[in-house]
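All chains, please: the whole structure from these sequences, using the hints.
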Amino acid sequence: MLNIKNIHAQVGDNKILKGLNLDIKPGEVHAIMGPNGAGKSTLGNVLAGMEKVEVTEGSVDFLGKNLLDLEIEQRAAEGIFLAFQYPVEIPGVNNMYFLRAALNAQRKYRGEKEMNSSEFLKLVRTKIKQMSMRDDLLRRPVNEGFSGGEKKRNEIFQMSILAPKLAILDETDSGLDIDALKIVADGVNQLRDDNRSFIVITHYQRLLDYIVPDYVHVLADGKIVRSGDKSLAIELEKTGYGWLED
Amino acid sequence: MFKNPINLAFEVLTSQLDEPKWLQKKRSNALKKFQDYGIPTHKSELWKYTNTKKLERLEEVTDIAESGSVLFSDSSLSEKQNTQTEKGTDPKTEQLFVFTIEGELPKNTQMQDILQIDEKNWKNIKTDKERTFVELNTAMLNGGFQLTIPKNSQLKLHIQYQQISKDWENIRTVINVGENAELDLTESYDYDCRINHVSVINMTADSRLKFQSNKLLRKTAALIHFSQINCAQNVTIQQGAVNNNAALSHTIQEVNFNGQHSKFEAASVNVAHDSCHISENILTNHKVQNCKSNVLKRSLATDKASIAINAKAIVSKGADGSDVAQSLKNILLTDDANIYSRPELEINTDDVIAAHGSTVGELDETSLTYLRSRGIPKEQAKFMLIESFLQDANIFNTEDFLDRIEL
Amino acid sequence: MPEQIKTSEQENAEVHKRIEQTYKDGFVTDIESDTFPPGLNEEVIRAISAKKEEPQWLLDWRLKAYAKWLTMEQPNWAKLKIPPIDFNAISYYSSPKSNENAPETIDDVDPKLLETYAKLGVPLHEQEILAGVKTRKTPVAVDVVFDSVSVTTTFKKELKKAGVIFCSFSEAVKDHPDLVKQYLGKVVPIGDNYFSALNAAVFSDGSFVYIPKNTRCPMELSTYFRINEMNTGQFERTMIIADDGAEVSYLEGCTAPMRDENQLHAAVVELFILNDAKIKYSTVQNWYPGDENGKGGIFNFVTKRAACNGVNAKVSWTQVETGSAITWKYPSCILRGDNSRGEFYSVALTNNYQQADTGTKMIHLGKNTKSTIISKGISAGKSHNTYRGLVRISKRAEGARNHTQCDSLLIGKNCGAHTFPYIESANSTAQLEHEATTSKISEDQLFYCKQRGISEEDATSMIVDGFCKEVFKELPMEFAVEAKALLDISLEGAVG
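Residue numbers (my numbering), protein chains in the order written: chain A, 1 to 246; chain B, 1 to 407; chain C, 1 to 496.
Hint data in this document are derived by calculation from the structure and do not stem from the laboratory. There may be inaccurate statements among the hints.
[What the hints assert, rightly or not] Calculated cross-link-like contacts (lysine to aspartate or glutamate; reagent style EDC-like; alpha-carbon spacing at most 16 Å): (1) Lys238/A <-> Asp214/A; (2) Lys367/C <-> Asp335/B; (3) Lys413/C <-> Asp320/B; (4) Lys395/C <-> Asp336/B; (5) Lys395/C <-> Asp303/B; (6) Lys210/B <-> Asp167/B; (7) Lys469/C <-> Glu54/A; (8) Lys395/C <-> Glu362/B; (9) Lys413/C <-> Asp351/B; (10) Lys43/B <-> Asp458/C; (11) Lys129/A <-> Asp186/A; (12) Lys165/A <-> Asp23/A; (13) Lys15/A <-> Glu54/A; (14) Lys52/A <-> Glu443/C; (15) Lys181/C <-> Glu171/C; (16) Lys469/C <-> Glu144/A; (17) Lys395/C <-> Asp335/B; (18) Lys52/A <-> Asp444/C; (19) Lys108/A <-> Asp458/C; (20) Lys5/A <-> Glu89/A; (21) Lys263/B <-> Asp364/B; (22) Lys52/A <-> Glu45/B; (23) Lys367/C <-> Glu398/C; (24) Lys79/C <-> Glu45/B.
Note that the coordinates shown come from a computational prediction; the quantities given were computed from them, not determined experimentally.
Pasting the structure below:
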C-alpha cells in the first residue's frame, strides 16, 4: 500500500531524513519509535505534504500513485490522514461545519455523492458515542478551548469520520492520562481492518500495549536502524536509545 | 526661545562665533526652516497633546553650573579617563557634558567636538513640521560631540548633560558603535535643565547597545529630545528609560532597521506629578526583513499632570519576517490628570507577527483588597501596586530602578 | 531562497488572473431620469429645496451649510489617497421621471424600478413578503432610495398602527416638521466635517424613523440605497429617533453599477436614543469597488453618529464593508446618558486597489457608560485597510469602561493593514483596554485544513469567516448569510 524508498528530506538547510525506507501492506500497523529529533514527525509531515519540508531524494508510492506529486488535500482525499501532534486551533470555525466540509471535499474528489446534513449528523452521532466525547465539542470552534486530551480525542474522532486508508498518529499518546489513552486506543482499534493501515509514531511503549503493532521500527538520525515485532518495543523500554550512539 | 527673541539670540550667538562658512550657512538655513515650520500645535500628530505655549512661560533656571566654554579635543577624553568622577561626588562642572568611564577606554576611541568636525562628517537629519526643533538645534547649536567606538571593543560610559547657562542648551551628539563592538551607555540630564538635545546613534553590523536614559527632572525643567538610532544587520539593542516630571518633556525617537536580524527592545517608565507633561513618541521603522521590535511603556499620571504616549511601527513592503510588539499601560490617579495612549501599526506585507495592547485604568481593586486583607495599610498597598506596575519596565533588573523617581 | 521568491511571484500571477471578481450588482437600469446638470452653487441648492417643496427654514439651513462648506478644506488626515474631486462635475439631483408623482403604493412604482430591486434581491411586494412569512422569521419593511429620491416605503400601514413613523426624509419634512426641526443636525452639526457640510447643503433624500415611547418596532426596518445615474452623487440623510423605552433594528444596504468613473456617496446618519431606548443599526455596504486595476468605484465618505442622550440608552453599529473604491467612515457614539452603552462591530474587507479608513469614536460623557469595539480588517490584493478609533473618557465619566479588540488579516505581500487606536482618558476610575493583532492566515491552520482534504481556497474562506464570526453574529440572521456570501465573492481570486 505504501512504499517509501530512500527518502531524503530537509527543513531549510537542516537535513532530517537521510535515506528512509518503509513498506506497509494493507491492514498492517507499524510503530515508529526513536529518540527526540530523529525525524519521526518529519516522516508524517512528508507523507501529508507539509510545504516547508522539502523532499530532495527518493520516492513514495501510495496505492500505485506517486504521492509526492499530489497536493496536500489530494493526498487526504486519496486516504492519508495525519493525526497531529499539536492540533491547531481555528477560531470561529465550527467543528461540525469543518468536518463536513472536509468529508464532502474528499467525497467530491473521489466522485462520491456529498453527504447531506442529516446523513452527516447521524454519522457523527454514532461516532461521538464511540469516542466518549461530549457533544458540545462539536459546536465549538475547531480545537479552540479544548484541553490537550480533548484535542487528541478530536483528532481520532475526525479520523473515524473521514475513514482514511492510511492513518499516521503523531505522538497521539503524549499528554494523555491512562483513561484518555484507552479511549484513543479503542477508537483506533475499532477502525483496524484488513484494508486500513496505521503508522503509530510514539516515544513510549505504553501506547503499544493498547494498539498492538505488527512491526516496530527504530528511527534514528533520519533512517530506520532496526526493525522487529512488538518485542522490540519492550526491549527499547528497558534499554532506552543509548545503544544507538555506540 | 521663539520668534523675535530667537532672531536676536541667533545674532548674538553667531556674531560671537568664528565658524567656517559651511556651518554658518547650515545654521542660517536651519533657522529659516525652523521659522517656516513654526512651533508645532495640537494639529501636529506628535505634539497633539503637548501645549508648546508652556515653553514661552518657563520659570527661570536657577541651578546652573558656572558658565564656561566647552573645550573638546581628541585628547580631552583620555584626560577625562584619568580624572574619572568618583561616585558620590557632585558631577556639576562648568561643562556641558561629564563623562564617566567604567573600566578601560578602548584604544582608538575617537572623540571630536561637533563644532569642529569637517563638513563631510556632518550628517543632515531629515526634518518635517514634527521635527522642527531639530532645525532649531542646528541653528542654535552650542555644543556636542561625535564619539566613535572601534570595532570589537567594549565600553561602559555614563554621560551627564549639564545646564551651564540660563538659556536653552542646544546639544547634538553622535555616537558610532563599530562592528561587533559593545556599548553600555547611561545618559542622564541635569534635573533643572532646559535642553534641546538631538542624538544619533549609528550601530554597525553585529554591534550591541545597552542604553539607559534617565530624565529625572525638576517640575520647572524643559527637555526636548530627538533621538535616532540606525541599525545595520544583526544589531541588538536594549533600552531602558525613566522619565519623571518636567514642565515639558518631549521625546521623539526613531529606530531604523537598515539591516536584517536586528533586535530592539525598549521599556520606559513615565511618572508625572503636578502640572507636568511628558510626551514620549517612538517610531520603529522595519525597512528590511527579519527584525524585531518590542516597545513597552508604563505610565502614571497624578495631580494635574498629563502624559501622551505614542508607539508607532511601520513595516515596509517586503520586510517579511518582521516581529512587532507594543504594550502601553497607563494609570491615572486623579481626575485632573490626563492620559493619551496611542499604539499604531502600519503593516505593508503579510509575513509579520504584530500585536499591540493599550490600557488605561486605575489600580486593581481586587489586588488592593487582597493586600489590605493581609494587614497592609491602604496607602502602602497602593504604593506597592504602583511599584509592581512600573517594575514591568525594569528590563535591566536594576535594584534602585524606582528609587530616584518621585512616586 | 530563490524558490520562495518564485512561488510568491507565481502566486501573484495567479492572483492577478483570478482577481477578475464578479460584482453581480453592477448592472445599469435604463430609465428616464430628471437629472440636474452638473455643478454646485447656491442656485442648485435652491433648486433641490424647491423640488422638495421645502419650508424656508430648511432652505436657510442648507444655505448656511453651503457657506460653511465653502470655507472648509477636504480632510487629509486619513491614510487614503483620494484623487482630486471636481465638485462641479457632479450632478446633485437625479430622480426617475416616473417617480415624479410620488407613487402612493407599490403598484404605482415604475416596473423597471421594481425589476431592478428584484434583481438585487430586495423584496418590495408586501404580499410576496408576507407569503414568505413561513421562511422568514419576520418581514422587513423597506425604504428604497434610487439616486436622489426615495421610491417607495413598504409596510407603512402596519407600522403606523404601532405608531412607528417610517418614511422618506422628504415626507418627514412635510408631515413631521417639528420632529425633523428638533433633531436635524443635533448630533452631526453642519460644520462637523467637510463631507457632512456638503451633505447638509445638498442632501436629497433618505429615511426617517421615529419609534414612539415604550414601543418595540414590530418588524425590522431597512433602507436600500442604489446609485444608478451616471455622474451623480448620492447625498442621503437618515435620521432615527428612539423615544423613551423604544427599540428598533434597522438595516442598510447599498449597491451601484460598474462604471469607470468614480462616484461620490456622502451620507449623514443621525441617531437619537432616549432613556432606556435601543437602536441596532446594521450595514452591509457593497458599493461598486472599482475594477481590478482600481478604475471606477464609489467614494464612500459617510458621517454616522449616535447620541445616547438618555439614561440606559443603547446603540449598536454593525457594519460589513466590502465595497467602495474608498471608504471613509467612522460610526460613532456619544454616550451622554448615564449607564448608556455604545457598540461597534465591523468587518472591512479590501481587495485589488480598494482603500478603507474606518473605525469609530466612543465619547464617554455620562457615568458608568460602556463601550465595546470589535473590528476585523481583511486586506488582499494591493489594497490598504485602516482601523482608526478614538475612545475618549471625559472627566465626569466615572466608572466608564471600554473594551476594544481589533484584528487584521493580510492576504498577499502587496497590501497593507494599519491600526490607529487612540485612547484619551481624564477620569481615574475609568478602565480601557485595547488589544490588536496583525498577521497573515497561519500556515499551520491552512496545512491542517488541507490535510483534512479541504482546498486552499475553501480553507481560506473558512478561516476568514471564522475570523469575522464575532461580528457576523451581531447581524440579523438574513444579513449574516448575505454578508458571508459577499465576503467570499470579494475574496475571490485573492488566494493563489
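Could you work out which earlier hints the structure fails to respect and list their numbers in ascending sequence? Numbers 1, 6, 7, 10, 20, 21 and 22 - these are the hints that the structure violates, sorted from lowest upward.
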